[in-house]
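In short: position in the sequence shown from 1, add 41, done, that's the working numbering.
To be clear, the hints were calculated from the coordinates, so they are not data collected in a lab.
Keep in mind that a hint or two might mislead.
Said to hold, decoys possible - Quick list of simulated restraints, FRET-style, between CB atoms:
1. P103 - V50: 31 to 41 angstroms
2. Q206 - V50: 18 to 28 angstroms
3. L61 - I193: 18 to 28 angstroms
4. W105 - Q52: 16 to 26 angstroms
5. Y174 - L104: 22 to 32 angstroms
6. L177 - I65: 16 to 26 angstroms
Quick caveat: nothing in here was measured; it's all calculated off a predicted structure.
Glycine is no exception: its CB is placed at the ideal position from the N, C-alpha and C atoms.
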Amino acid sequence: MSTIVWQKVDQKVKETIPFLFTFILVLISIIPIRVPGYTEIAPVFPLISIYHWAIYRPTLLPLWAVFILGILYDLLSGVPLGLYILVFLSVYGIVVSQRRFIIGKSFLVYWLGYGIIALGAALESWFVASVWYASLLNLQSIFFQYLLSFGIFPIVAWISLRLQQAFFRQEPDAPGQ
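Whenever a hint applies, use it, and build me the whole structure from the sequences.
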């Protein structure tokens with residue numbers, strides 16, 4: 042094969058990295074850990090990756106990919122089908138529309154932005170699940186899930202940033218894309 046064909050194949054493979062990394066985070070999120078009550082407060086790892094790629098490379102993790110990740114998360118985690126589809130798509134839409142306020146800012150702004158988005162996502166998931174089950178669910182478990190997700194953010198964000206630096210040019214997608 043010619044060099045151009047290999048370059049195109051290489052580029053297409055690289056473009057799947059955000060989706061594959063987020064899919065791995067979906068799998069990590071559902072690994073059973075033998076700690077009582079952990080499943081109720083387990084961090085939503087894919088949310089961190091969706092937040093990152095929606096800011097820096099939304100063209101590499103498009104809306105349809107976020108939808109598929111939501112379906113997979115719902116099916117594998119056993120929550121009502123559509124719950125995390127809605128949460129992931131909401132987060133993606135909000136972050137893409139507001140990414141200009143985070144691009145080029147410090148890590149602290151990036152992290153605090155995630156904290157705000159993750160809090161909204163946690164409350165959205167609590168509300169939707171409460172409506173689904175026709176009962177107000179325990180907010181305490183959602184609060185601890187939020188705290189764990191917020192606390193683990195720097196690790197997952199660091200990996201996302203390293204993947205971005207290793208495989209993609211340094212400039213983020215233009216905010217209009």
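Cross-check of the supplied hints:
| no. | hint | result |
| --- | --- | --- |
| 1 | P103 - V50: 31 to 41 angstroms | 20 angstroms, violated |
| 2 | Q206 - V50: 18 to 28 angstroms | 22 angstroms, holds |
| 3 | L61 - I193: 18 to 28 angstroms | 20 angstroms, holds |
| 4 | W105 - Q52: 16 to 26 angstroms | 19 angstroms, holds |
| 5 | Y174 - L104: 22 to 32 angstroms | 28 angstroms, holds |
| 6 | L177 - I65: 16 to 26 angstroms | 34 angstroms, violated |
Hints 1 and 6 from the list above are not met by this structure, while the remaining hints are.
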